[in-house]
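Visitor: Each chain, letter by letter, is given below.
There are 2 protein chains.
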Amino acid sequence: MNIPLTPPQPAEAVDAASRRYREPVPLAGWNPVLASLLDHRSVRAYRPDPLAPGTVETLVAAASSAPTSSNIQAWSVVAVTDPDRRDRLAEIAGGQEHIRQAPLILVWIADLARAEAVADTAGVTLQGLDYTETFLLAAIDAALAAQNALIAAESLGLGTVYIGALRNDPKAVAELLNLPRRAAAVFGLVVGHPDRKVETAVKPRLPQQAVLHHETYSTAPLAEAIARHDRATEAFRAEQSLPPQSWSALLVDRLRDVAALKGRHKLRQTLERLGFILG
Amino acid sequence: MNIPLTPPQPAEAVDAASRRYREPVPLAGWNPVLASLLDHRSVRAYRPDPLAPGTVETLVAAASSAPTSSNIQAWSVVAVTDPDRRDRLAEIAGGQEHIRQAPLILVWIADLARAEAVADTAGVTLQGLDYTETFLLAAIDAALAAQNALIAAESLGLGTVYIGALRNDPKAVAELLNLPRRAAAVFGLVVGHPDRKVETAVKPRLPQQAVLHHETYSTAPLAEAIARHDRATEAFRAEQSLPPQSWSALLVDRLRDVAALKGRHKLRQTLERLGFILG
Numbered sequence: 001m002n003i004p005l006t007p008p009q010p011a012e013a014v015d016a017a018s019r020r021y022r023e024p025v026p027l028a029g030w031n032p033v034l035a036s037l038l039d040h041r042s043v044r045a046y047r048p049d050p051l052a053p054g055t056v057e058t059l060v061a062a063a064s065s066a067p068t069s070s071n072i073q074a075w076s077v078v079a080v081t082d083p084d085r086r087d088r089l090a091e092i093a094g095g096q097e098h099i100r101q102a103p104l105i106l107v108w109i110a111d112l113a114r115a116e117a118v119a120d121t122a123g124v125t126l127q128g129l130d131y132t133e134t135f136l137l138a139a140i141d142a143a144l145a146a147q148n149a150l151i152a153a154e155s156l157g158l159g160t161v162y163i164g165a166l167r168n169d170p171k172a173v174a175e176l177l178n179l180p181r182r183a184a185a186v187f188g189l190v191v192g193h194p195d196r197k198v199e200t201a202v203k204p205r206l207p208q209q210a211v212l213h214h215e216t217y218s219t220a221p222l223a224e225a226i227a228r229h230d231r232a233t234e235a236f237r238a239e240q241s242l243p244p245q246s247w248s249a250l251l252v253d254r255l256r257d258v259a260a261l262k263g264r265h266k267l268r269q270t271l272e273r274l275g276f277i278l279g
Numbered sequence: 001m002n003i004p005l006t007p008p009q010p011a012e013a014v015d016a017a018s019r020r021y022r023e024p025v026p027l028a029g030w031n032p033v034l035a036s037l038l039d040h041r042s043v044r045a046y047r048p049d050p051l052a053p054g055t056v057e058t059l060v061a062a063a064s065s066a067p068t069s070s071n072i073q074a075w076s077v078v079a080v081t082d083p084d085r086r087d088r089l090a091e092i093a094g095g096q097e098h099i100r101q102a103p104l105i106l107v108w109i110a111d112l113a114r115a116e117a118v119a120d121t122a123g124v125t126l127q128g129l130d131y132t133e134t135f136l137l138a139a140i141d142a143a144l145a146a147q148n149a150l151i152a153a154e155s156l157g158l159g160t161v162y163i164g165a166l167r168n169d170p171k172a173v174a175e176l177l178n179l180p181r182r183a184a185a186v187f188g189l190v191v192g193h194p195d196r197k198v199e200t201a202v203k204p205r206l207p208q209q210a211v212l213h214h215e216t217y218s219t220a221p222l223a224e225a226i227a228r229h230d231r232a233t234e235a236f237r238a239e240q241s242l243p244p245q246s247w248s249a250l251l252v253d254r255l256r257d258v259a260a261l262k263g264r265h266k267l268r269q270t271l272e273r274l275g276f277i278l279g
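Residue numbers (the UniProt record's numbering), protein chains in the order written: chain L, 1 to 279; chain C, 1 to 279.
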């Protein structure tokens with residue numbers, strides 16, 4: 001299955017890397033897994049058709065197979081298909097229509113409630129829960145599990161898109177999904193059949209020189225790499241008939257002020273209200 | 001490439017799900033990607049052989065292909081191969097020998113320094129950086145990227161293991177890797193050729209009833225599902241000649257008190273010293 005690469009590389013590998021970076025990056029191998037990973041694109045237009053039976057269980061089997069810190073498994077997932085509940089999640093996320101279109105949204109939970117339940121049964125108190133570290137561990141566990149589910153969904157020909165905007169109001173999500181104390185949604189993952197009438201595209205990313213450091217962190221190549229990515233982003237947006245904007249300008253817009261965070265500046269207080277102690 | 005499944009399922013799919021859960025879970029499809037995901041196992045014994053040229057770039061191409069919140073790309077990775085530097089990372093991680101054995105550790109960075117550099121160039125201040133949300137976004141971006149790299153590595157026949165214990169002392173890691181302000185290691189990923197003389201095994205995970213909720217969160221099936229997982233964990237540990245212990249007991253040990261966190265109870269203060277403002 002795995003093809004170690006010596007030059008010349010197969011056209012498929014060359015194309016996949018060039019689509020991602022808008023510049024050549026020679027790869028060390030090529031196989032169906034790498035092909036699937038490099039071809040990722042977010043899907044924001046769906047057909048309403050339901051998913052095949054067993055789809056959720058298959059995605060969760062992939063999620064369960066992800067690594068988890070010390071085998072704590074500090075994540076859960078709520079599979080939401082009910083149209084009214086999806087409508088409410090779409091509202092919380094600022095009106096993202098694809099949450100209403102697709103038949104499923106998986107809501108990924110940083111879950112320390114299960115650990116607390118285990119401790120209650122054992123008659124002990126887990127002092128280790130009451131730290132920023134332990135919330136972060138749970139959020140990372142949830143992210144690793146979710147990413148495996150995303151890759152599994154794409155391998156089945158399904159479309160996906162993460163919904164970070166559930167963090168605009170995690171308290172509303174917790175109420176809607178009846179989450180226990182010490183459990184919070186970190187993001188959603190919409191899953192459905194892509195509407196093939198709406199084209200999707202591989203989005204360009206920062207050149208490797210901007211994200212990959214050897215031995216120690218170096219800022220030397222940063223300005224030039226960002227300038228290249230600004231041009232690549234502008235070219236991509238022109239192809240997609242989007243308003244012209246560089247990556248640098250998009251980044252500044254997204255983080256410029258508190259208003260741009262759309263409620264997320266209150267995340268720490270909200271997590272504390274949901275029972276996390278961020279010591 | 002993708003095989004939609006109708007009963008009876010191929011033996012490979014049945015076996016993969018049963019190895020992961022120690023009980024049957026019918027899958028909705030089967031393909032090389034699902035096979036790779038479900039077969040994940042952590043590797044803690046390596047041969048010292050170097051990696052093929054281009055391996056790091058291939059893993060980073062997979063990482064770059066992961067979704068990133070609002071395309072902010074708030075992560076970086078430092079590829080460490082130098083033996084002295086790996087030795088120091090092994091020390092920070094409490095003496096994990098596999099960091100010394102394997103030829104590479106990728107250190108994944110929650111990176112808001114690059115965003116700040118972009119803003120400096122534009123002559124603006126990003127008020128949005130100064131919140132817990134934005135650190136969390138960066139940590140999640142790093143986790144999604146790293147998980148893609150892990151899957152890519154496994155597809156190339158390489159072994160991997162995450163090193164969460166870099167969070168025992170992120171300040172020491174920052175000094176060792178010369179990280180700028182607003183950049184912190186969230187975990188490492190050891191990559192190398194597995195020592196085939198040391199067997200690895202698929203670790204059992206909580207039954208789906210304990211982690212998958214439909215429409216809303218339910219604690220009803222939890223006690224029974226955890227009891228099954230305790231038995232599965234005990235069976236696994238007996239097979240691996242590990243001291244007998246249930247999953248519940250392992251979990252309690254890991255989070256019982258501050259000492260069990262091995263320095264990580266100071267994470268919030270450390271992140272603040274590294275330049276993150278966790279408003």
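Careful: at least some of the hints might be erroneous.
No distinction is drawn between identical chains; accordingly, a pair holds when it is met within one copy or between any pair of copies.
[Stated by the list, open to error] List of simulated lysine to aspartate or glutamate pairs, EDC-like, C-alpha gap at most 20 Å:
no.: 1; residue 1: Lys-262; residue 2: Asp-130
no.: 2; residue 1: Lys-266; residue 2: Glu-199
no.: 3; residue 1: Lys-262; residue 2: Glu-224
no.: 4; residue 1: Lys-266; residue 2: Glu-239
no.: 5; residue 1: Lys-171; residue 2: Glu-224
no.: 6; residue 1: Lys-266; residue 2: Glu-154
no.: 7; residue 1: Lys-203; residue 2: Glu-57
no.: 8; residue 1: Lys-266; residue 2: Asp-230
no.: 9; residue 1: Lys-197; residue 2: Glu-272
no.: 10; residue 1: Lys-266; residue 2: Glu-12
What the hints contain is simulated information worked out from the structure, not anything from laboratory work.
Visitor: Which hint numbers doesn't this structure obey?
Guide: 2, 3, 4, 5, 6, 8, 9 and 10
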